[in-house]
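Quick mapping for you: the protein sequence lines, in order, are chains A and B. For the first sequence, position 414 (counting from the first letter as 1) is numbered 414 according to the UniProt record's numbering, and the numbering increases by one without interruption. For the second sequence, position 419 (counting from the first letter as 1) is numbered 419 according to the UniProt record's numbering, and the numbering increases by one without interruption.
Hints were generated in silico from the structure; no laboratory data involved. All of these numbers come straight from a predicted model, not from anything done at the bench.
Using 30 Å as the maximum straight-line C-alpha spacing, the simulated DSSO-like pairs for lysine-lysine come out as follows:
(1) K63/B to K625/A
(2) K35/B to K131/A
(3) K211/B to K625/A
(4) K46/B to K130/A
(5) K76/B to K142/A
(6) K292/A to K383/A
(7) K76/B to K154/A
(8) K142/A to K35/B
(9) K130/A to K76/B
(10) K142/A to K46/B
(11) K228/A to K301/A
(12) K116/A to K46/B
Okay, the calculated bits of chain B under chain A, using three or more residues with CB under 8 Å as the criterion:
(13) 48 to 57
(14) 60 to 68
(15) 116 to 127
(16) 138 to 147
C-beta: ideal position from N, C-alpha, C; glycine also.
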Amino acid sequence: MGDKSTPLLAVLQLLRKYNLKGTEEILRKEASLGDAEYENLDLPEVELASILTAHHTESDPYSYEFAYESLKKFIENSLDIYKYELSTLLYPIFVHMYMVLILYEHTTHAANFLEKFGPEQEDYYQEDLKKFSIVKNKDQIKGNELAEIYSSNKFVVQLSRDASSQLKRFLHEQKTTVIINIINNHIQIEVHDGPGRSLAQIRATAGGMLGEATRNENRTKVYYGLLKEPDIQLPPVPVEDEEETEETPDKPKKKKAKKDNIFMKKPKSDPNAPPSDRIPLPEMKETDKLEKGKALREASKRVHLGPDSLPSICFYTLLNSGHTAICADICDDSTLLAVGFNNSTIKVWTLTPVKLRGMKSAEKLQDIDREAGDVLVRMMEEKDRDTCRTLFGHSGPVYKVAFDPFKNLLLSCSEDSTVRLWSLQCWTCLVVYRGHVWPVWAVRWSPHGHYFASAGHDRAARLWATDHHQPLRIFAGHLSDVDCVQFHPNSNYIATGSSDRTIRVWDCLTGTQVRIMTGHKSPIFVLSFSVCGRWLASGGGGGELMIWDISTGLPAATLPPAHTAPIHALAFSRDGTILSTGSLDCSIKLWDFTAITEEVSGEEIGNNSTVQKDDRFLLRSFPTKNSPIKDLHFTRRNLLLGVGSYEGSS
Amino acid sequence: MGDSDFVYGSSLSIDSMKVIAESIGIGSLGDDAAKELADDVTYRLKVILQDAMKFMHHSKRQKLSITDIDHTIKSKNIEPQYGFLQPDSLPFRFASGGGRELHFIEEKEIDLSEILSAPPPKVPLDVSVRTHWLSVDGVQPTVPENPPPLTKEIQKLESVDPISKLNKPTNKDAAGKPMCGKAARLKASESVHVKQLATHELSVEQQLYYKEITEACVGSDEGRRAEALQSLACDPGLHEMLPRMCTFISEGVKVNVVQNNLALLIYLMRMVKALLDNQSLYLEKYLHELIPSVSTCIVSRQLCLRPEMDNHWALRDFASRLMAQICKTFNTSTNNLQTRVTRLFAKALQCPSQTNNENGVGPSMVTTMKESEKTPLASLYGAVQGLAELGPEVVKVFILPRVRWLGERVEGALSGLGGADRQAAGNLKQQLLKVLAPVVRQLRQPPDLPEEYKRDYGYLGPSLVQMVAKQRSSPAGGGGGGAVAVVTCTPPLVPSAPSPSPSPSPLQSHSHTFSTKTVETVATRNVVISASPTPQSPAPATPPPQKFVIVASQQKPPQAQPASGASHIVVHSSQPAIVRSQNVQAPVSVVAKPVFTRGGGGGAPQPPPELDDLSHLA
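Take the sequences, apply the hints, and build the full model.
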């Protein structure tokens, strides 16, 4: 049959797709196609589309180059107010032209085309272009990750109404239909009312693998407020005593005020908060309440931070770890440190003089009086204490570890595509959660415990509850690996950051995507919600840091790229005034978060995005001695803890 | 826009494909097939590498490792490549021939029995957590756990372009000084009316530190001095007081050379050594002060009050070693440091006969001729030692041609009357032999005939023959080669019998203060000071000749020292790695072991053990 039959097959497949049985029969008879081919009708979407659109343009490879150049010329000559918006069209058209050239096996033309116009594409697409440029013939397109993403999704371009009509006029004047075809098939043009955007505005949101986020996608209301804190009965009298004795009586008056502030702060009804029963949250156990009470007491002794009073940083250096230590986490009350290693192990250190203890064996536990007040103490082993314990179980590098809010459990995820739940009392693995197919990159607890989220190489994030071995929700939609995941402080939402350079926010209740935020120019490796729940900070592979407004889904600030290597750690101070970032370039930087948010709220009325060029938000930078930062953590009293592994002097 | 010179993709060559095909037994692979294969293999490799990048990023690394590739291959459901766990990067070799160019991995044959018989490798240390303060209220303390406040690059930049410091106040604040609260506001208000000058202000603490350190370094308490020197060698935040330290040293040398205060000169040189050892300092800026001081201590006419008694030779040796270290570290093609230093020493060795017929420089040399005729033997010794430390090649070019003339000087002095001169000549002779023997050994083929040596090298010929012959016969020298052979030689000859006259050198006054004191820590640099097992109460009337040995290796306990009744002061300092690596090139006698073993057990015509020996300082 050869080449001739391929378009026929494609037509047949199309007919079948639309369920046009009669026509299909007739065509089959007329073309006298055998059953064998008919059964094997399985052309990939890419090819199907290209075959069906082929007939007019197939002939001339030069027409592409010509069409692209004329489009470029048109954009260059258009008015400044349209120019920048229109120029966002160039990249998708370029990519699809290249792909079509390859599909028609004009490989040398394709290579020339890439050589000629590749370098002038936006710098944040160069990385993708490099990846895409390895595709050099038709067969490779089929299996290529990027090519499939480009051909099966539409690239989103936002144009103002005027700009789009300019574009229409230009397209009508064109003789060839090359560009029109591409725009029809692969580009989604979002028309917005209002003036064309400036270069800076476009740069702020550009950079996603498939262009910008459309506005409609971010319309849904997000309840970004905090939940009402459960009332915790503190034993009031002993607390007072303790504080009086513990603290040097520095400014007793001020302290009182501070404390009141913390206890009174609870918003009676935050207008942005979700109903407290929107998703079912676990009942607090007695021990959890104790822990929470302790946390509140600690919080009352918190140091207030600001540009004038920077936090002290205590740095934990992992010695002899070389490149083996991957991730670290410090539990909420800052007493335990967990580190995940390349060699599949997890180590847990105690950071206080209190040693780590195991639970007694089952026989011995039976003897214990369960009604006794100190049953929790009694069930632990008296001997058998360590400052460090190792957890074995994974069979691949451990990419993330996470302590639960109440310090009883530890989660870890690994290259072996499992998530494991460990008990910090028995020091054994409790559950293995299987569900991810490929390596799991990130796992995070809900701030209220019970739920956790994981994300991995399979381009999906999953929501789990500890008592289910199946995920409760699967959040699919990212175009590339989901590199990080983070719970919103009210546990109702999950934010995910991905290698497709978008951040998406998902609703845990409905499982739908409620925000998609573009603007990062490199993969996103770490996310963190601000204490108030409105802002989301994200750190990228290029060392850039961005702040997002969850209420609108727009970038609130793009901070100057102070780091030179990927950011892998973010932490907000407990009072939300300081943001700290830690990076592989062996430095910790402190940012004035109050100033950043004030700036944004001030400018919000005027326009939607701000790009900061100056250093005025960067407060300080602390280099470490050749120790890339793995984790940052603010204690309840606002002392910053950093973890890094010393990589030797070089 | 992106880099215009970026090339989208490279690919494996057809040749590689053919070679690979051959290696699995496919002899004739067509060009088309090879091309097809090359394209496909390139594509697949790149896909794997792209995914491996993801694994690298999530391992929080910036260097791709073999495990990343393994994991990628695993995730793509391909059988992984076993046995490619390599601790270091793969050593690719290049070869060409037969019209082909190849890159290949060198696979060595491994002898299993050798591995089995070898001692098991050290168990890697377990991961441990260490805590320190990275910042206290926004100020980074300058402790060794933190990086130096100003990196060497910035210090260098500042020295090259001082204006850069003025231009970037924010940058500086971000790196060094606190920038919060009152200080920040003060700074802001100050900068309005302060003249634009790059100042090095020292805080009160730093001034106190400077005072303490300098006092301790030249004071009489050996323990404090050790601590002070350790601080100078390790502390990361010294750059601000470096100019003052260097001035202190250079002024100190000027004064003490005039006053012939040997002890203080030694202390000052040890300070130089400590500063050189400090990793975080950028010393280039201050070499103009340090080099003259050090070279003064090498070639000065007189360094002590009683040249016939005091061991100023050791100081010269030590300073020579420092000079060699300076040359190694700081020599660049622009400052030509080593050339200039070499010229300085060579000038001191200038001799009348050879300036004319060898260098042929001309009439300007006539004046130096006259002077060098008068160059004191001590200075000659220093110049020889200084050149010797710079490597065997330097010895060959600068000392060997002048050996005949030097021999004449030595001969003249030895036959003369002056006791000091005779001793100096003896030392010089010993030193020359030590330095020249390995070079001559490399130059000449056996048999070594005394007549030939006599003809070529003059007075020193016969002694040289013995020395060379001994080295040829000794197995250690045979294995080591020229440069190393120097190391095994003995210290310079000093008066062959302990001189009876009571003349306590300034160094001796401390000897009793630290008898049997051993400071041994696991810190990076430790100084062990110990006395001999039979501490002898040093009566000022009969001062025993002392032995100063600063040994490089930490493992060798000073007990190996043959105790001969005299009290020894062994200053035992572990060496940072840099210096050791330098020894590859220069015959710096760092390893102390050969000295001990030979001096004690050899029984060869070595100088008696009670000789002063400062040559192993460093």
